[in-house]
Amino acid sequence: MGRPLTGLYFILPAIIVLLMLIAYPIAYTVYLSGVDAHGNLTGKNYLNVLRPVVTRQAFFNLIYYVGGSIVFQVILGTLAAILLNQKFWGRSAVRSITLIPWVVPGIVAATTWAWMFHTEFGIINYMLTGAHVIPAPIGWLTNKDTVMPVLIAINVWKFFPFVAIMVLAGLQAIPADLYEAAKVDGASFWEEVWFITLPQVRPVLVAVTLLLVIWGLNAITLIYAITQGGPANLSLITPIQIYQLAFTSFQFNEAAALSVLFFIVAAIIVAIYIKVIPSNVEAAK
Amino acid sequence: MSDVADDRRQKPAALAAIYIASIILVVVCLFPFVWMALSSIKKLPELFTVPPHWLPADPTLGNYWTVLFNSNIPRYFLNSVIISGGATLVALLLAVFASYGFARFEFRGKAYLQTFVLIGQLLPTAAIIVPLFITLRYLHLINTYWGLILVYTIITLPLSVWMLTSYMRGIPVDLEEAATIDGASRLGVLFRITLPLAMPGLVAVVVYSFVTCWNEFVFALVFAQDQSVKTLPIGLAEFSTEFNTDWGGVMAASMVMTIPVVLLFLVFQRLFVGGLTAGATKG
Numbered sequence: 007m008g009r010p011l012t013g014l015y016f017i018l019p020a021i022i023v024l025l026m027l028i029a030y031p032i033a034y035t036v037y038l039s040g041v042d043a044h045g046n047l048t049g050k051n052y053l054n055v056l057r058p059v060v061t062r063q064a065f066f067n068l069i070y071y072v073g074g075s076i077v078f079q080v081i082l083g084t085l086a087a088i089l090l091n092q093k094f095w096g097r098s099a100v101r102s103i104t105l106i107p108w109v110v111p112g113i114v115a116a117t118t119w120a121w122m123f124h125t126e127f128g129i130i131n132y133m134l135t136g137a138h139v140i141p142a143p144i145g146w147l148t149n150k151d152t153v154m155p156v157l158i159a160i161n162v163w164k165f166f167p168f169v170a171i172m173v174l175a176g177l178q179a180i181p182a183d184l185y186e187a188a189k190v191d192g193a194s195f196w197e198e199v200w201f202i203t204l205p206q207v208r209p210v211l212v213a214v215t216l217l218l219v220i221w222g223l224n225a226i227t228l229i230y231a232i233t234q235g236g237p238a239n240l241s242l243i244t245p246i247q248i249y250q251l252a253f254t255s256f257q258f259n260e261a262a263a264l265s266v267l268f269f270i271v272a273a274i275i276v277a278i279y280i281k282v283i284p285s286n287v288e289a290a291k
Numbered sequence: 011m012s013d014v015a016d017d018r019r020q021k022p023a024a025l026a027a028i029y030i031a032s033i034i035l036v037v038v039c040l041f042p043f044v045w046m047a048l049s050s051i052k053k054l055p056e057l058f059t060v061p062p063h064w065l066p067a068d069p070t071l072g073n074y075w076t077v078l079f080n081s082n083i084p085r086y087f088l089n090s091v092i093i094s095g096g097a098t099l100v101a102l103l104l105a106v107f108a109s110y111g112f113a114r115f116e117f118r119g120k121a122y123l124q125t126f127v128l129i130g131q132l133l134p135t136a137a138i139i140v141p142l143f144i145t146l147r148y149l150h151l152i153n154t155y156w157g158l159i160l161v162y163t164i165i166t167l168p169l170s171v172w173m174l175t176s177y178m179r180g181i182p183v184d185l186e187e188a189a190t191i192d193g194a195s196r197l198g199v200l201f202r203i204t205l206p207l208a209m210p211g212l213v214a215v216v217v218y219s220f221v222t223c224w225n226e227f228v229f230a231l232v233f234a235q236d237q238s239v240k241t242l243p244i245g246l247a248e249f250s251t252e253f254n255t256d257w258g259g260v261m262a263a264s265m266v267m268t269i270p271v272v273l274l275f276l277v278f279q280r281l282f283v284g285g286l287t288a289g290a291t292k293g
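So the sequences go chain by chain: R and W. The opening residue of the first sequence carries number 7 in the numbering used here; numbering runs sequentially from there. The opening residue of the second sequence carries number 11 in the numbering used here; numbering runs sequentially from there.
Worth flagging that the hints you see were computed from the coordinates, not collected in a lab. It is possible that part of the hints are untrue.
[Said to hold, decoys possible] Taking lysine-lysine and the BS3-like style, the derived pairs with C-alpha atoms no more than 25 Å apart in a straight line are:
hint: 1; chain 1: W; residue 1: K21; chain 2: R; residue 2: K189
hint: 2; chain 1: W; residue 1: K120; chain 2: R; residue 2: K281
hint: 3; chain 1: W; residue 1: K21; chain 2: R; residue 2: K93
hint: 4; chain 1: R; residue 1: K189; chain 2: R; residue 2: K93
[As the list claims (entries may be wrong)] Which chain R residues stay away from chain W? Per the calculated CB distances, all over 12 Å, these:
hint: 5; residue: V59
hint: 6; residue: I243
hint: 7; residue: F258
hint: 8; residue: A273
[What the hints assert, rightly or not] Residues from chain W shown here face chain R by an in silico Cβ test under 8 Å; the list is partial:
hint: 9; residue: L54
hint: 10; residue: F58
hint: 11; residue: V60
hint: 12; residue: P62
hint: 13; residue: N80
hint: 14; residue: L123
hint: 15; residue: I164
hint: 16; residue: F278
All values reported here derive from a predicted model rather than from experimental measurement. We put the CB at the ideal spot given by N, CA and C, even for glycine.
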């Protein structure tokens, strides 16, 4: 319907705004990364960000943070979704409550958990020492062995609800006759989960996982607000390193070089996302 | 939509397992908020007691008094409302037209443009923050409402287009065709027929955009350094100095910024969750 260009006119304003706000900054980042402070072409920025050990450390921390978070977000989110799909009194209230961690501001989650993990006055050390799980209070956010696991746990708490609603929507779309057939065959609850539920929600799980990867790569708020990358860069991740290079050290060109490298990694993941999703959805139909 | 377990009679053991798991789930999700609320009505000496008290011995509203009358939080609250509202409206206006175009027209390059919008949605903000800063500084938009509204459009616009397009595809075209035959213009059709039908989708988009901007931290950290435009997430940091944190104030301010979001979400939950999952499962 309509002339071929009419549709384009409707879309154009949004596309122009996005080009200005996204395509232009990306092009400008590439330019900045290749020049020095005087605008002369140079490869120094890349060398300067690649050489220090801290860049590698930040990248590995990022992989650890994103990977560790996603495993638990997906497992806990799927389990929560299976639970919320059962019929029981109070289900809708539990569904609403489950979503709350995801809706609240990240900074609020960060400060509240930081307060709960406080070494001296935190409720978590109090509960754990009281229950004799740990003999003495632990400096969760300052100890090198605990800081990343704690940050991952907080990140899991914040985002598993998102997995839960997405998987729940997938569960509700599964035709009931599949389960009836399984029941006739005498399948147990866990057999149903394994042979019917999981294969049916696989496309949703793939989509959600990749979305979590993107968000994870992007997630500055929690770590920045809780540890600022410390202690001794142990929780430093690449996005925070870019932020600090640009706005603490004012090395815009080096920050741009790191942005480009980071962008390439993210773009590869986005490309996989766009390639994988449609074929998966088709396969499920 | 079928509920898997609807037609199944639960055995008592299974039901017990369901309730135990539900209780654990609810406690895990709510405990930080309970602790935040309890901490916000404790006096400072009580916050710094070892071992910590579960319930405040001497509850006080003093922290809220500090937050509401002796801090910049009310101003930041206003800034947050203006910036989140502005970015939501700008994105909505552009997204209404764009998603109508995507949902109702066929034209060359449409698939590429849709992919471009999707990429905008997935783009790492950290990778574009430096050039955005330089550009906004050049345009004198740092520390202005418009500067933040513009950068927040990066976040809200792609998702709004995405959610609205899939919502509009679900609206039957028959009504629009009838109106076109009666001589209504394209825009007339969009505003008088499609948009009223798309109201639930619009509400979902508005709630999602607003909440996302309200919660946003990194852009605000970079582009709003002045008190006149700082938003709530940045304001929270003002209760901490290098050596000391007014935890009572932080917790009270956290309550103040969490309650509107949670209320908004609970009121519009059905639309919000429906719009989001429709966008994800139908693409």
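Tell me if W:N80 is really an interface residue toward chain R, meaning its C-beta lies closer than 8 Å to one of theirs. violated, 19 Å
Quiz item: Does the nearest C-beta of chain R fall within a distance shorter than 8 Å of the C-beta of W:P62?
Solution: holds, 5 Å
Q. Straight-line Cα separation of R:K189 and R:K93 no greater than 25 Å?
A. holds, 17 Å
Margin query: Please check whether the beta-carbon of R:I243 is more than 12 Å away from every beta-carbon in chain W.
Written below: It is violated; R:I243 is separated from chain W by about 9 Å at its closest Cβ, not greater than 12 Å.
### Query
Given W:F58 as an interface hint, is the shortest Cβ-Cβ distance to chain R below 8 Å?
holds, 6 Å
| request: Under 8 Å, Cβ to Cβ, is where W:I164 needs to be relative to chain R, so tell me if that hint holds or is violated. | output: holds, 5 Å
Could you check that no beta carbon of chain W comes within 12 Å of the beta carbon of R:V59? holds, 20 Å
| said: For W:K120 and R:K281, compute the direct alpha-carbon distance and say whether it is at most 25 Å. | reply: holds, 17 Å
Hey, does the W:L123 contact hint survive, CB to chain R under 8 Å? holds, 6 Å
Classify the label on R:F258 as holds or violated, using whether its beta-carbon is more than 12 Å from each beta-carbon of chain W. violated, 6 Å
* Does the CB of W:F278 sit less than 8 Å away from some CB of chain R? -> Result: violated, 11 Å to nearest chain R Cβ.
Margin query: Less than 8 Å between beta-carbons is the criterion; does W:L54 satisfy it with respect to chain R?
Written below: For W:L54, the interface hint is violated, since the closest Cβ of chain R sits about 11 Å away, which is over 8 Å.
The structure is inconsistent with the numbered hints 6, 7, 8, 9, 13 and 16, although it conforms to all the rest.
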